[in-house]
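A.B. asks: From first to last, the protein sequence lines are chains A and B.
With our numbering, letter number 122 in the first sequence gets 122, and the count goes up by one each step, no holes.
With our numbering, letter number 9 in the second sequence gets 9, and the count goes up by one each step, no holes.
Hints listed in this document are in silico derivations from the structure and should not be mistaken for laboratory results.
Worth double-checking, as some hints may not be accurate.
Same chains, same names: a pair is fine if it fits in one copy or spans any two.
As the list claims (entries may be wrong) - With a Cα cut of at most 27 angstroms, we get these calculated DSS-like pairs of lysine-lysine: (1) K248 - K233; (2) K121 - K248; (3) K192 - K255; (4) K149 - K255; (5) K71 - K26; (6) K255 - K224; (7) K61 - K255; (8) K57 - K248; (9) K213 - K121; (10) K255 - K233; (11) K57 - K255; (12) K71 - K192; (13) K26 - K233; (14) K26 - K224; (15) K192 - K248.
Everything numeric in this text was worked out from a predicted model, so none of it was measured.
Number of protein chains: 2
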Amino acid sequence: MTNQVPDNHPRAASLRQRYAIAAHAKTGLVAETGTISHGRGEAFDYLLGEETPEPVKEHIKQAAALLLQAKHPVISINGNAAVLAGQYFSELSKAIPAKLEVNVFYGRTQERESMIAEFLKQYGANDVLGINPEARVPNLHSARGSVDKEGIAKADVVLVPLEDGDRTEALIAWGKKVISIDLNPLSRTARKSTINICDNITRAIPLMTAYAKELKGYAPEINKLADSIDNDKATARVLRFMRERLQKLEDELEK
Amino acid sequence: MTNQVPDNHPRAASLRQRYAIAAHAKTGLVAETGTISHGRGEAFDYLLGEETPEPVKEHIKQAAALLLQAKHPVISINGNAAVLAGQYFSELSKAIPAKLEVNVFYGRTQERESMIAEFLKQYGANDVLGINPEARVPNLHSARGSVDKEGIAKADVVLVPLEDGDRTEALIAWGKKVISIDLNPLSRTARKSTINICDNITRAIPLMTAYAKELKGYAPEINKLADSIDNDKATARVLRFMRERLQKLEDELEK
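From just these sequences and the hints, can you work out the full model?
C.D. replies: Structure representation (structure tokens):
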């Protein structure tokens with residue numbers, strides 16, 4: 001395996017992300033099954049054509065509005081999210097502003113929490129919560145239920161990139177609004193969250209930051225966007241987008 | 001992470017495969033980026049509903065016919081294939097009969113080749129080729145070009161589960177007929193092979209063995225099936241199947 005991907009490779013961005021995840025499976029930043037999750041994301045991104053679909057841009061804008069509207073917005077970060085988009089999350093947290101909290105499902109140790117926090121700080125994150133956290137998500141057992149009392153425990157809106165279904169449901173049941181980023185529009189996370197963004201985080205987060213900067217201070221526009229959120233409708237639009245792509249490819253084969 | 005998946009879990013088979021791949025990433029049987037490939041497979045299998053689609057059963061039967069018709073059929077096995085379906089490949093190789101050859105892209109060392117061969121032998125494989133092979137696939141550089149002179153080099157039909165695009169194209173250019181098994185119907189492997197099976201190998205291989213046993217000795221039926229292979233048509237049918245599944249899910253959301 002090589003980390004050298006030529007710039008002119010048609011799928012250079014995707015391959016570079018793959019090698020970054022594989023490399024950090026070795027450093028321990030990425031969890032044991034984090035590489036497998038990344039592969040699932042690659043496959044769904046392939047179906048999108050590795051571009052943000054037009055309808056998803058609207059969902060990203062709605063999510064930016066929801067974060068700006070929040071009293072205590074928190075961005076939850078796991079190993080994969082840090083490796084793929086640490087810098088972008090750091091920039092988004094400043095633009096909103098929102099707190100960053102380390103959130104790890106598998107192999108949660110204080111060493112890994114600190115490793116992820118340090119990784120984010122190299123991209124300019126000032127303060128990272130979730131190190132040895134003491135609060136608990138109600139009705140969620142195991143290490144996945146640990147949250148920071150100054151972070152997710154207090155939050156009204158939580159952005160969870162690459163989250164699992166159980167935790168998403170438990171956060172919703174706890175009264176939080178949840179913005180998920182999941183390339184699988186059919187996953188439990190995507191279906192149960194307040195709004196799911198079906199996009200690669202390396203494209204979605206910079207776009208969310210740009211929208212947040214554009215919207216900031218315009219309360220009526222922010223409220224209008226946040227009020228227009230309809231996750232079932234959003235998911236249906238994404239499924240239609242994928243279906244139309246498959247139809248086009250099918251037509252080409254049957255020519 | 002736990003290896004204990006309760007039998008009544010709706011996705012038990014998929015989770016068990018995931019944990020087997022993660023465990024063998026540690027033993028070294030699965031390559032560094034083999035876990036990521038597995039994740040891509042999981043995602044596409046999810047789109048199929050984790051069942052063999054009706055149209056794919058016909059493609060599996062055509063593939064069985066092609067193997068039975070061959071003078072020198074060879075089944076190529078990498079780390080993921082061995083971990084997920086070692087026993088099934090061993091059974092298929094006896095039913096045809098076809099030779100088994102270890103085929104590794106990443107981290108090809110004699111130690112890994114032997115490890116995969118030993119793993120197959122525990123499932124009753126008698127003879128496994130591809131250990132320190134001396135022949136080369138023409139125009140394919142690096143370790144991926146190494147093949148056994150008694151195996152793939154001599155073969156007229158090669159079954160390549162979980163193959164990469166470059167190697168598939170090179171084998172076709174070398175005059176081999178290639179049966180690929182790739183859950184991504186749009187991959188270069190799937191598009192360039194003689195016939196692609198869009199299915200999980202843990203379902204496709206036992207079914208292929210059953211068809212081989214059923215067809216064996218019936219030359220006219222074997223020839224008719226082998227002659228009816230049309231990979232573009234096969235791919236279009238699979239895309240239509242996926243598209244109709246998405247349509248159904250979309251309709252449910254828009255109700």
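A.B. asks: Indicate, hint by hint, whether the structure satisfies it.
C.D. replies: Each hint, compared with the structure:
no. : hint        : verdict
1   : K248 - K233 : both (23 angstroms within a copy, 14 angstroms between copies)
2   : K121 - K248 : neither (44 angstroms within a copy, 45 angstroms between copies)
3   : K192 - K255 : between (40 angstroms within a copy, 17 angstroms between copies)
4   : K149 - K255 : neither (60 angstroms within a copy, 40 angstroms between copies)
5   : K71 - K26   : neither (38 angstroms within a copy, 44 angstroms between copies)
6   : K255 - K224 : between (45 angstroms within a copy, 24 angstroms between copies)
7   : K61 - K255  : between (39 angstroms within a copy, 25 angstroms between copies)
8   : K57 - K248  : both (22 angstroms within a copy, 24 angstroms between copies)
9   : K213 - K121 : within (22 angstroms within a copy, 61 angstroms between copies)
10  : K255 - K233 : between (33 angstroms within a copy, 10 angstroms between copies)
11  : K57 - K255  : between (32 angstroms within a copy, 24 angstroms between copies)
12  : K71 - K192  : within (22 angstroms within a copy, 54 angstroms between copies)
13  : K26 - K233  : neither (40 angstroms within a copy, 42 angstroms between copies)
14  : K26 - K224  : neither (45 angstroms within a copy, 51 angstroms between copies)
15  : K192 - K248 : between (30 angstroms within a copy, 19 angstroms between copies)
In summary, the numbered hints that this structure violates are 2, 4, 5, 13 and 14.
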